[in-house]
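Protein chains: 2
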Amino acid sequence: MGGPEIDRLISLFAKLPGLGPRSGRRAVLKLLQHPETRMLPLAQALAAAARAVRHCTQCGNLDSTDPCAICADPQRDRTQICVVESVGDLWALERAGVHHGLYHVLGGTLSALGGTGPDDLNIAPLLARVAAAEATEIILALSATVDGAATSHFLTDRLAVSGIRITRVAQGVPIGGALDVLDEGTLATALRARS
Amino acid sequence: MGGPEIDRLISLFAKLPGLGPRSGRRAVLKLLQHPETRMLPLAQALAAAARAVRHCTQCGNLDSTDPCAICADPQRDRTQICVVESVGDLWALERAGVHHGLYHVLGGTLSALGGTGPDDLNIAPLLARVAAAEATEIILALSATVDGAATSHFLTDRLAVSGIRITRVAQGVPIGGALDVLDEGTLATALRARS
Chain A
42 MGGPEIDRLI SLFAKLPGLG PRSGRRAVLK LLQHPETRML PLAQALAAAA
92 RAVRHCTQCG NLDSTDPCAI CADPQRDRTQ ICVVESVGDL WALERAGVHH
142 GLYHVLGGTL SALGGTGPDD LNIAPLLARV AAAEATEIIL ALSATVDGAA
192 TSHFLTDRLA VSGIRITRVA QGVPIGGALD VLDEGTLATA LRARS
Chain B
42 MGGPEIDRLI SLFAKLPGLG PRSGRRAVLK LLQHPETRML PLAQALAAAA
92 RAVRHCTQCG NLDSTDPCAI CADPQRDRTQ ICVVESVGDL WALERAGVHH
142 GLYHVLGGTL SALGGTGPDD LNIAPLLARV AAAEATEIIL ALSATVDGAA
192 TSHFLTDRLA VSGIRITRVA QGVPIGGALD VLDEGTLATA LRARS
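Taken in sequence, the protein lines are chains A and B. According to this note's numbering, the stretch in the first sequence is residues 42 to 236, in order. According to this note's numbering, the stretch in the second sequence is residues 42 to 236, in order.
Don't take each hint at face value.
Claimed, not checked - Below are the SDA-like pairs computed for lysine to any residue, each with C-alpha atoms no more than 20 Å apart in a straight line:
hint : chain 1 : residue 1 : chain 2 : residue 2
1    : A       : LYS71     : A       : HIS96
2    : B       : LYS56     : A       : GLY44
3    : A       : LYS71     : B       : HIS96
4    : A       : LYS56     : A       : PRO45
5    : B       : LYS56     : B       : ASP161
6    : B       : LYS71     : A       : ASP161
7    : B       : LYS71     : A       : SER52
8    : B       : LYS71     : A       : GLU135
9    : B       : LYS56     : A       : PRO45
10   : A       : LYS71     : A       : GLY44
11   : B       : LYS56     : B       : GLU77
Derived from the structure by calculation, the hints contain no laboratory data.
Work out the full structure, taking the sequences as your base and the hints as a guide.
Okay, here's the thing in structure tokens:
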């Protein structure tokens, strides 16, 4: 349409989650109309984030510092570690503002069909954290899916030997639902009613 | 959530048309998971396009060459100039592949309420093109709105002195469109222009 630069940009935008060719074109057109005030700042913000952001070696969160701001925060309750599947789930819980402890990001769930085993997830570092740190409770906040439940069972089994208290967020998370699309109220209720 | 770099990136994405805070977060998370293969290429494509892309001084299209690829194409029919409001409209007509002539992008419509007068639009260059070039037909492809109609009238009036043939795209029922969801104005126009 407008040369290889524009075509390439549209195809990159169209691949983002939630966008397609049509919304990709709209976004690119809007940016092209403001090259100095919107397009270059976005390019610079992307490059800066790609350089600066990494996974926290303690919990797996994404941040420009390592350990991440949550792990480094002296105000957070170090006795509680909330186990989530993804950084998106961690962000959703932080927006709800109900968990004041630490996190541990697994990077997914066990999946027999998807071929994801314990070694593919961030599980060994979790066991090491539980053994080494002052945590007294592990809160499992995994999706209410078959794979999420299997992962919760697996972790409960592995953590049982440590004698640590293991809780799960209450059912109230809709069956088949992913955490990061839930409203804050549901998340707050589910976390408070953990068992 | 994950430091100032991530917050800034999410806020820039959330401002794009069709996206909001939620879809902005999803897009940024996806990019952060692939910093080398998706995030840096997008940053580079944005910077390259911001540097290279400009408005064609002949027609107002956006392209990395000036004149744009359409104006420079010897295969295009130089006797027809299709007048559109925006580059997005030009792209839509190009995707339809039905216009084989040149274009002229106005950059909007006249608007009494919005305070857009003839001098705010790319109109003087259009009159100059008509006077200088080999065009024999001006096709007005403006929105079927009050402002679009007013702009069409204004241009028809201004171009009449040149004696050039002036046509407008037909108004009516869109292909695949149901009659009962159309507004009365469209229905009345479609019925009057029956053939």
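Hint-by-hint comparison with the structure:
no., hint, result
1, A/LYS71 to A/HIS96, "32 Å, violated"
2, B/LYS56 to A/GLY44, "25 Å, violated"
3, A/LYS71 to B/HIS96, "14 Å, holds"
4, A/LYS56 to A/PRO45, "17 Å, holds"
5, B/LYS56 to B/ASP161, "26 Å, violated"
6, B/LYS71 to A/ASP161, "19 Å, holds"
7, B/LYS71 to A/SER52, "15 Å, holds"
8, B/LYS71 to A/GLU135, "18 Å, holds"
9, B/LYS56 to A/PRO45, "25 Å, violated"
10, A/LYS71 to A/GLY44, "17 Å, holds"
11, B/LYS56 to B/GLU77, "24 Å, violated"
Of the hints listed earlier, those the structure fails to meet are numbers 1, 2, 5, 9 and 11, in rising order.
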